[in-house]
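**Q** Just so you know, the sequences run in chain order A and B.
Taking my numbering as reference, the numbering of the first sequence is continuous, increasing by one, and the terminal residue is 442.
Taking my numbering as reference, the numbering of the second sequence is continuous, increasing by one, and the terminal residue is 442.
Worth flagging that the hints you see were computed from the coordinates, not collected in a lab.
Cβ atoms here follow ideal geometry from the backbone N, Cα and C, with glycine treated the same way.
Careful, some of the hints might be misleading.
[Claimed, not checked] Below, in silico cross-link-like pairs of lysine to aspartate or glutamate (EDC-like), each with a Cα-Cα straight-line distance of 16 Å or less: (1) 300/A x 267/A; (2) 93/A x 92/B; (3) 278/B x 370/B; (4) 93/B x 92/A; (5) 93/B x 42/A; (6) 93/A x 42/B; (7) 271/A x 327/A; (8) 242/A x 327/A.
[To be verified] Partial chain A-side listing against chain B, Cβ under 8 Å, derived: (9) 8; (10) 33; (11) 85; (12) 89; (13) 94; (14) 96; (15) 99; (16) 272; (17) 323.
Number of protein chains: 2
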Amino acid sequence: MTTTTVPHLITALRGPPLDLERQILKAMPAIEHWLRGQWQELATPFYASVDLRNSGFKLAPVDTNLYPGGFNNLNPEFDALCVQATMSAIEKICPDARGVLLIPENHTRNTFYLQNVVALQKILSHAGMIVRIGSLLPDLTAPTDIDLPSGGKLRLEPLERTGNRLGVDGFDPCVVLLNNDLSAGLPEILRNLEQAVLPPLHAGWFMRRKSNHFAVYKNVATEFAQLIGVDPWLINPFFEKCGKINFRERKGEECLEGYVSEILTDIRAKYQEYGIKQDPFVIVKADAGTYGMGIMTVKDPSEIRGLNRKQRNKMAVVKEGLEVQEVLMQEGVYSFETVNDAVAEPVVYMIDHFVVGGFYRVHASRGQDQSLNAPGMQFVPLAFEKPCYSPNPDDPGSPPNRFYAYGVIARLALVAAAVELEQTEQALDANSVAQLRVAPH
Amino acid sequence: MTTTTVPHLITALRGPPLDLERQILKAMPAIEHWLRGQWQELATPFYASVDLRNSGFKLAPVDTNLYPGGFNNLNPEFDALCVQATMSAIEKICPDARGVLLIPENHTRNTFYLQNVVALQKILSHAGMIVRIGSLLPDLTAPTDIDLPSGGKLRLEPLERTGNRLGVDGFDPCVVLLNNDLSAGLPEILRNLEQAVLPPLHAGWFMRRKSNHFAVYKNVATEFAQLIGVDPWLINPFFEKCGKINFRERKGEECLEGYVSEILTDIRAKYQEYGIKQDPFVIVKADAGTYGMGIMTVKDPSEIRGLNRKQRNKMAVVKEGLEVQEVLMQEGVYSFETVNDAVAEPVVYMIDHFVVGGFYRVHASRGQDQSLNAPGMQFVPLAFEKPCYSPNPDDPGSPPNRFYAYGVIARLALVAAAVELEQTEQALDANSVAQLRVAPH
């Protein structure tokens, strides 16, 4: 079984292939055919990264990021794959484009993030585009060079809006590529643009909800599970959402407690069915936003009511200081992968609908039942598995690609994101669509 | 100047970038934009390889193969690139396909070629296809396993035709992929197929002519040269063709002599213009076919008339014992590249319109003014250049991609091949089109 479609990367998996892994590998031609069918119907997001958790018995996405920020963590060997996939994306979305305006997050001191911007700029320029970086920072009034630890330099330029076109000094790009997840809302300067904006503005966290994503993912996972003949639960975590939460004022706790209790019961039934001995747990996190803020592991519903002031404050705000009002409760998936004895979870990167690489997010002081997206996390780039020709007559190629299953589940999440964005677009009333001026994608 | 779009491979070039190379690197965004425009209009051949010659002052394609046979000579590190490009091609040409029938050349003892078939099979199956190999060998009546020196095994199966569908036992594929260049003519069993046939049948050497290819290439090169502001001659070799040649009977020698003389005069004028001291030379070769048979270097028109019987016999036949009647005379391009002190020429591989790798064809006993496509040639896979981050503020990435120019010229030849195939299709009268039943591509 040598089949691949996704790069052959070295995973942290040990031992013989797991059941689910084997079933995915076996169904590969059917899976790829099914995925091709999806991409015929759907507009693929320009790029995405998906956080996965692999508990051995279960492999599931727990977060899908449409503004991926870790391209600097990919192995440089993947450059050519990233460039080729970017060329594909550009051909489909904006074949006539020559110039791209890249709009990053406003983190001028986070050099890890800035290295990601450099990596993205490099990929885009290697794909034949002229790339300049326009900053949303309100106090950036002139081009500003930032020195990076790698020795490189990043030039941020103030955005300039002329009518309904956005650019920087002397540069009128065909495409605006956001690497800013719009957590703080939709800036006025991005509204009603004539240019294509990627991803579409309604993918921003001011509007996007994880619960919408996982509701779509549930359908995708169900259809896929039927295709390969497995229980959908093996790739799909239970979840529920509560609105109108106020952690500081202890509003909505009964909603959280009730659903956490339901989810724990559901997981317990599944664990019993599969003979799994671990304790079920639920991850409680903000329904919008990122950066691993406001995330907690709950094993008993009473923990919700028992939160102390410090814990409640921590859950109450996410990035950009936004108050959390909507909360997602998601079945926790144990991570049984380790890198250097630290718990690890794979993050898969995609450009267009191609898997272009990945890394392990590793956290030495976190457990198998905790989010690893927290200060202290480290990134271990995945390397290409070196092909080793074996004399197996049925398999003249390399050893099985254990990373393949990761690439499949990540692409299921990407399918879900594509459907989700279509639905979000349709859900907007005519007025807001006009205001957002969502570009064709 | 770090721009790329094609994989960053190590070339055999020494010293500072050459003028032409520098101009191509500089114009990269314009070039990629122009190429994207071409692919919007044209149906890209499924795959191709292009032989290039680099004389330092001139970089030109000398042969474009639409049934490339050296995938085994690519660096295994390129597997993921090949797979990604194959997925792109399948999505465009036959998204609904699950099964591919691969039809190779009838070389059962050429293990180099058979390794290429294995490599192709691997790429296709890694792209998610079910692949089986159907043989045109008339005496292959049952599935036959061939052991390969690598330890692998290749299974050839007899073709089975049911109505207008082609397959092998129990396998009804959606697509027929030819890796057989049809030098010997169009087998009856391939006519009027209902399935998509790639490349289209009229790409076979029973119909294709190098002179048609280079006539189109001349136009492509002229347009491209205008785009980047260089003399088209720097990327385009002069050529002429003669029909009705019979080397054994010495028929048509005056045609050859006349054109060789004209081409030499034209080259001489160009060499003078550019201050080049070398002797001009012309390559005389069959206008159809491949495998480096029937190729000679001519520096003086009188050499044509002076051919002895042995030389004439050698020129008279190509692959499959076919008599040469049409002859191409092409400006010879010195190869100034060497690998281990042997003359080398780059061969660039493409799938869909993506450059997926390449190798050097190396011949220790041939000169800079001779075809290297001859017994005794060896292949040196090109490796990825390892990125080395430099503190140059304008270039936070890798050193300039010297392989880029090769990728551009190879893609110009691919554009020419695409136009050539469109023209060949149109040139067929309605009757032959029906007979060939050329599949949509």
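**Q** Taking the closest Cβ pair, is residue 323/A under 8 Å from chain B?
**A** 33 Å, violated
**Q** Just to be careful, I want the Cα atoms of residue 300/A and residue 267/A compared with a cutoff of 16 Å; is the pair within it?
**A** With a Cα-Cα distance of about 13 Å, the restraint between residue 300/A and residue 267/A holds, given a limit of 16 Å.
**Q** If you draw a straight line from the CA of residue 93/B to the CA of residue 92/A, is it 16 Å or shorter?
**A** 12 Å, holds
**Q** Is the straight-line distance between the alpha-carbon of residue 93/A and that of residue 92/B 16 Å or less?
**A** 12 Å, holds
**Q** Quickly compare the C-alpha distance for residue 271/A and residue 327/A to 16 Å and report which way the hint goes.
**A** Distance ~27 Å between residue 271/A and residue 327/A Cα, so the pair is violated.
**Q** Take the shortest C-beta to C-beta distance between residue 94/A and chain B; is it under 8 Å?
**A** Hint on residue 94/A: violated, closest Cβ of chain B at ~11 Å, above 8 Å.
**Q** Hint check: residue 278/B vs residue 370/B, CA-CA at most 16 Å. Holds or violated?
**A** 14 Å, holds
**Q** Regarding the pair residue 93/A and residue 42/B, is the alpha-carbon distance no greater than 16 Å?
**A** 13 Å, holds
**Q** Starting from residue 242/A, check that the Cα of residue 327/A is at most 16 Å away, please.
**A** Holds, at about 7 Å.
**Q** Would the hint on residue 96/A be counted as holding, given a Cβ-Cβ threshold of 8 Å to chain B?
**A** 5 Å, holds
**Q** Is the shortest C-beta separation between residue 272/A and chain B less than 8 Å?
**A** Violated, because the Cβ-Cβ distance from residue 272/A to chain B comes to roughly 34 Å (cut-off 8 Å).
**Q** With a cut-off of 8 Å on the beta carbons, see whether residue 89/A makes it to chain B.
**A** 6 Å, holds
Violation of the numbered hints given earlier is confined to hints 7, 13, 16, 17; the remaining hints are satisfied by the structure.
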